[in-house]
Amino acid sequence: MNDMTSHPVTTQDAAEPILRLEGLTVHRGAAKILDRVSLSLGRGETLALVGESGAGKSTIATALMRLLDGARVEGRAELDGAGDLLALPERRMVRLRGSRLSMIFQDAGSALNPSYTVGRQLTTTLRRTLGLSRAEARAKAVELFTSVGINDPDGRMSAFPHQLSGGMQQRVMVAIALAGNPDLLLADEPTSALDVTIQAQIVRLILAQTRARGASCIFVLHDLALASQSCDRIVVLYAGQVVESGPSREVLERSRHPYTRQLKSCVLEIGSKDLTAPEGTVPPHSEMPVGCRFATRCPRALPRCAGEAPPLVPARDDATGPLDHQFACWNPE
Amino acid sequence: MTMAQIQSAPTETRHAPAPAVFELIEVEQVFAVPKPGRGLLSRDTVGLRALDGVRLTVRQGASIALVGESGSGKSTLLRVLLGLDAPSGGRALYRGKPIREARAHGTAFARDVAMVYQDARGSLDPRMTVGQLIAEPLRHFGIVPKSGEAARVAELIDRVGLPRDAANRYPSGLSGGQVRRVAIARALASEPSVLVADEAVSGLDVSTQAQLLTLLQGLQRDMGLTLVFITHDLGVASYLCEEIAIMYLGRIVETGPTDAVLEAPAHPYSAALRAAAPQFFEPIPEPLPGEIPSPLDLPKGCRFSSRCPAARDDCRLRDPQLGALDAGRAVACLHPLTSKGAQTPEIR
Numbered sequence: 001m002n003d004m005t006s007h008p009v010t011t012q013d014a015a016e017p018i019l020r021l022e023g024l025t026v027h028r029g030a031a032k033i034l035d036r037v038s039l040s041l042g043r044g045e046t047l048a049l050v051g052e053s054g055a056g057k058s059t060i061a062t063a064l065m066r067l068l069d070g071a072r073v074e075g076r077a078e079l080d081g082a083g084d085l086l087a088l089p090e091r092r093m094v095r096l097r098g099s100r101l102s103m104i105f106q107d108a109g110s111a112l113n114p115s116y117t118v119g120r121q122l123t124t125t126l127r128r129t130l131g132l133s134r135a136e137a138r139a140k141a142v143e144l145f146t147s148v149g150i151n152d153p154d155g156r157m158s159a160f161p162h163q164l165s166g167g168m169q170q171r172v173m174v175a176i177a178l179a180g181n182p183d184l185l186l187a188d189e190p191t192s193a194l195d196v197t198i199q200a201q202i203v204r205l206i207l208a209q210t211r212a213r214g215a216s217c218i219f220v221l222h223d224l225a226l227a228s229q230s231c232d233r234i235v236v237l238y239a240g241q242v243v244e245s246g247p248s249r250e251v252l253e254r255s256r257h258p259y260t261r262q263l264k265s266c267v268l269e270i271g272s273k274d275l276t277a278p279e280g281t282v283p284p285h286s287e288m289p290v291g292c293r294f295a296t297r298c299p300r301a302l303p304r305c306a307g308e309a310p311p312l313v314p315a316r317d318d319a320t321g322p323l324d325h326q327f328a329c330w331n332p333e
Numbered sequence: 001m002t003m004a005q006i007q008s009a010p011t012e013t014r015h016a017p018a019p020a021v022f023e024l025i026e027v028e029q030v031f032a033v034p035k036p037g038r039g040l041l042s043r044d045t046v047g048l049r050a051l052d053g054v055r056l057t058v059r060q061g062a063s064i065a066l067v068g069e070s071g072s073g074k075s076t077l078l079r080v081l082l083g084l085d086a087p088s089g090g091r092a093l094y095r096g097k098p099i100r101e102a103r104a105h106g107t108a109f110a111r112d113v114a115m116v117y118q119d120a121r122g123s124l125d126p127r128m129t130v131g132q133l134i135a136e137p138l139r140h141f142g143i144v145p146k147s148g149e150a151a152r153v154a155e156l157i158d159r160v161g162l163p164r165d166a167a168n169r170y171p172s173g174l175s176g177g178q179v180r181r182v183a184i185a186r187a188l189a190s191e192p193s194v195l196v197a198d199e200a201v202s203g204l205d206v207s208t209q210a211q212l213l214t215l216l217q218g219l220q221r222d223m224g225l226t227l228v229f230i231t232h233d234l235g236v237a238s239y240l241c242e243e244i245a246i247m248y249l250g251r252i253v254e255t256g257p258t259d260a261v262l263e264a265p266a267h268p269y270s271a272a273l274r275a276a277a278p279q280f281f282e283p284i285p286e287p288l289p290g291e292i293p294s295p296l297d298l299p300k301g302c303r304f305s306s307r308c309p310a311a312r313d314d315c316r317l318r319d320p321q322l323g324a325l326d327a328g329r330a331v332a333c334l335h336p337l338t339s340k341g342a343q344t345p346e347i348r
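Protein chains in written order, with the UniProt record's numbering: chain F, 1 to 333; chain G, 1 to 348.
One or more of the hints may lead you astray.
Far from chain F, by Cβ distances over 12 Å, these chain G residues were calculated [stated by the list, open to error]:
1. Pro19
2. Ile25
3. Gly68
4. Arg100
5. Thr107
6. Gly161
7. Asp165
8. Gln178
9. Ser190
10. Gln209
11. Gly235
12. Ala272
13. Pro278
14. Phe280
15. Phe281
16. Pro289
Computed footprint of chain F on chain G, listed as stretches where at least three residues anywhere in the stretch have a Cβ under 8 Å from a Cβ of chain F [to be verified]:
17. 30-41
18. 83-97
19. 128-142
Far from chain F, by Cβ distances over 12 Å, these chain G residues were calculated [what the hints assert, rightly or not]:
20. Ala18
21. Gly61
22. Gln118
23. Asp119
24. Asp222
25. Arg307
These are computed hints drawn from the structure, not numbers from a lab. Remember, it's a predicted structure, so these values are computed and weren't measured experimentally. We put the CB at the ideal spot given by N, CA and C, even for glycine.
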């Protein structure tokens, strides 16, 4: 474990984190999919997990929900008032899902059950998490559908998922995720299957709803620009390791880790004509360096990088809390 | 004024207009689809206008991005361009001849117009090695004698930046980015002058996408390819393509030089697309209300009027056609937005 997470919170406005994840390691067979991931989420905060495929973004969210199959999980995930999510008996976990934490999945079309109406899927969740009667659940469902911007909420209650557009399906997913008033929402690439104009609608909806409820939200995103627009803080992952984290502006505009800088330089903004393509690809798990996993592609790599994993260290001496800017690199920018 | 005239307006970069490779004139594509709500045994159909009055000129050496959301007709337009479907109305020409005719006679069209499919992995036979996959078009079009085949395959593998030993590998052993490179190598094998690519870089990680985009740009520049690039990503369009055509519900609503169009969109839909594209630290803009309407139930007048923040009364009565704006630009809007904002209609 690195020293960082045990430091007291020093930033003035940083509240006690609602979630503290320490040393999350996930093994699948011989592969270490996540390698000692530590991060904290402040109350009411939105956090983006960014990185490329295979970085482990979705694995973190799925591990927190305890929905990871066939994998060995180590580490602690302390959810305020609930204990260590990774160690709770399944019986307790079932009660927490939907009421303390819930997940919005990437592809609403396949996450919704095709054989039940969307109204039924929502009322089932409402009755289970809030213990409502049938009639109360129905009234509450119509209210929720209205709040997520579904036109004709009464009529849409009896629609099957396939009768709705992708954007509408995602709105239904958001309503179901919010049904039990969770204080932690995990949104796994909630808009990657949608058109850009619909993407803006859904992201705004999720942000407005979490803010209105004072909930915290972890977004899994691959789009850095979207992350900067929607989240207070960003955690950058590479091949299962956290390489940099902190307030969005500091991470993206004062990046210390070479990978963060590279990732940002690959984002094509409208009008940009310069693009330097990085060399190589993420090494397969069988050839992963034991130290910094980015060492094989890093333009600033030193001899020690491949053999010795750099710990997360504060980017500034006067900001050393778990929510402040941190990076893991032996030869930072 | 026709698109050809519009685009022949002199620009700084082009001395004389290059000959047109593709010309689409008032192209319509109507599909018969089951009538909504018809009885179980009924055969009632209604016409779905997937393309409605499309005008587009693609000149030799041009790079043009076709941009639009799902349901805008990009893929239908692509099928017309490739001669896979005959348009149900209007004329679709390839070097002055109807595309379908050009395609039916000989292999010249198929050799000259190459395609990179969206689902690159699905477009490759999983039982063939990369070497065999690339040799297939070489042999089909008789590009090189049998003795020179291996050398040409190696050359192509090199050109698209695949490792040398890739020739003996199968598609299943390649990453998503590598599979796209194989698809590009296959497309280049017939020595085409036109490359049509459907979402060739979508669904990839940004670093892989950057690698492919630099490759495509290099190919376009070095080989003088004419590039028709379908994408939903305005950043990709602005990096790779000099021209852009923005589609909405089966019609091109705005065309012109990419930089000029994205700098100051004239059509409110282009402006909305531009605003919705993620940009670092900009607040997420107020999105367009609602979703793309059903093509079976188009709004009266302008098809964008039901979502347009600047719609006026006449927009719901008259259907605007693509008309010249300035400097090679054209827009289908009764009240185009201007860069100065002087004529910008009040937003209600």
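- Honestly, which of those hints from before does the structure not fit? Structure breaks hints 3, 6, 8, 10, 11, 12, 13, 14, 15, 16, 17, 18, 19, 25.
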